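Asks: Residues per chain, in single letters:
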Amino acid sequence: GQQLNQSPQSMFIQEGEDVSMNCTSSSIFNTWLWYKQDPGEGPVLLIALYKAGELTSNGRLTAQFGITRKDSFLNISASIPSDVGIYFCAGYTGANSKLTFGKGITLSVRP
Amino acid sequence: ETGVTQTPRHLVMGMTNKKSLKCEQHLGHNAMYWYKQSAKKPLELMFVYSLEERVENNSVPSRFSPECPNSSHLFLHLHTLQPEDSALYLCASSQDSTAAQYFGPGTRLTVL
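Chains as they are written, first to last, in this note's numbering: chain R, 1017 to 1127; chain B, 217 to 328.
Mixed in with the good hints, there may be bad ones.
As the list claims (entries may be wrong) - If you want a taste of the chain R side facing chain B, the calculated C-beta under 7 Å gives, among others:
(1) 1049
(2) 1054
(3) 1059
(4) 1097
(5) 1111
(6) 1114
As the list claims (entries may be wrong) - To spell it out: a stretch of chain B is covered by chain R in this simulated footprint if at least three of its residues, at any positions, have a beta carbon under 8 Å from a beta carbon of chain R; those stretches are:
(7) 251-264
(8) 317-326
As the list claims (entries may be wrong) - Below 25 Å or equal to it, Euclidean Cα-Cα: the simulated SDA-like pairs (lysine to any residue) are:
(9) B/257 to R/1054
(10) B/257 to R/1113
(11) B/257 to R/1024
(12) R/1086 to B/291
(13) R/1119 to B/230
(14) R/1052 to B/253
(15) R/1052 to B/238
(16) B/256 to R/1083
(17) R/1086 to B/303
(18) R/1086 to B/246
(19) B/256 to R/1100
(20) R/1114 to B/311
(21) B/256 to R/1071
(22) R/1119 to B/303
(23) B/252 to R/1024
(24) R/1119 to B/318
(25) R/1086 to B/304
(26) B/256 to R/1038
(27) R/1114 to B/272
(28) B/252 to R/1113
(29) R/1114 to B/230
(30) R/1114 to B/275
(31) R/1052 to B/233
(32) R/1114 to B/328
(33) R/1052 to B/310
(34) B/235 to B/316
If you are wondering where the hints come from, they were derived from the structure by calculation, not from laboratory data. From a predicted model like this one, the values you see are computed outputs, not experimental measurements. Virtual Cβ for every residue (Gly too), placed ideally from N, Cα, C.
Produce the entire structure from the sequences given, and follow the hints as far as they go.
Replies: Quick look at the structure:
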C-alpha cells in the first residue's frame, strides 16, 4: 500500500545546528507536503512540492521533491528552540487519492 | 478570522451526551475533511466533503455524523460515544481534493 516512512522517530539537536529529515516510499507520489505540529495544535503546512526535483525554501526551511518521486527531504538550518515539534511528511499519489501521512519525527532542540 | 477555525477547542462529554464540533474555513476552499488523531497513532481520515457532497466515509462508526451545509462550514455531530473515541479531532480544507490541506487547531475531546 501507500506508506510514507519517516525515521528516526525522535531527533535531538543542539540549538544552532542544522538538521535534515527524509521521507521515503515504495510508491510514486506527485505531491509532497511537509507539516509541523505543536502539542495540542493542528499541523501547520510548511512547504508544498509539486514537481520532481523541485527545491523550495521557506525561511530557514528547505525541502526537495526527490527525482525518483519516491522521497522528499526537509532541512532546517540554524535551529532555534521554537523549532521543537513533530514534523510530518505527507503526499498524494495521484488524482482522487487520499493524503497519506508519515508517522512523524519529534524534534527536540537543546539550548 | 483567517485560515481554519474550530470550536470548541476542548470538550468533555459523557457517553450518553450529544454534542457537535464546528469547523469554519475562510480560505475559499472547495474540500473539507475530518481527521482523528489519537496518541501515538497516525492521522486517521474520517470524512471528506468536496463541493458540499460527501465523497469519503472511511468506515467511521455511525455515532459520528458529519454535516456540510455550505463550502465554508463543516460539523461533526457526536452521540453515544465511547471512551476510546477520546482524541484530537482535526478539520482541514483544501482548494480541491488533491491540493495541500490546511488544518484547524483541533478539538481535544475527552469521553468519560
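Asks: Just pull the numbers of the violated hints for me, sorted ascending.
Replies: Violated hints (numbers, rising): 2, 4, 12, 13, 16, 17, 18, 21, 25, 29, 31, 32 and 34; every other hint is consistent with the structure.
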